[in-house]
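Using the sequences and the hints, build the whole thing.
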Amino acid sequence: MHALIFDVDGTLADTEMAHLAAFNHAFGVCGLDWQWDVDTYTRLLHISGGRERLAHYWKTHNAGTRAIDSGAIQDVIERVH
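Residue numbers (our numbering): 1 to 81.
Since the hints were derived computationally from the structure, they do not count as laboratory data.
Ideal Cβ placement from N, Cα and C applies to all residues, glycine included.
Don't take every hint at face value.
Label pairs and their in silico Cβ distance ranges [said to hold, decoys possible]:
1. ALA3 / ASP37: 19 to 25 Å
2. ASP39 / HIS2: 41 to 47 Å
3. ALA72 / HIS46: 24 to 30 Å
This is the structure in structure tokens:
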């Protein structure tokens with residue numbers, strides 16, 4: 001082996017805007033009325049991990065909403081992610 005390349009998202013290519021578009025598309029496919037703009041997504045990037053980012057967004061934007069089924073929120077996060 002002559003070379004070994006390790007990549008962490010964003011190291012070799014700036015993919016954040018593609019991720020933003022993918023998240024917004026997934027929200028629509030899953031029937032969510034969420035739409036992240038660049039500023040919102042930039043703030044959310046401080047949360048490490050896509051699932052964790054979704055959970056944080058849910059908690060901060062749906063604080064008054066409680067799931068009837070305790071696993072429902074996690075199910076939505078898994079569907080989107």
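Earlier hints that do not hold, by number: Of the numbered hints given earlier, the structure breaks just one, which is hint 1.
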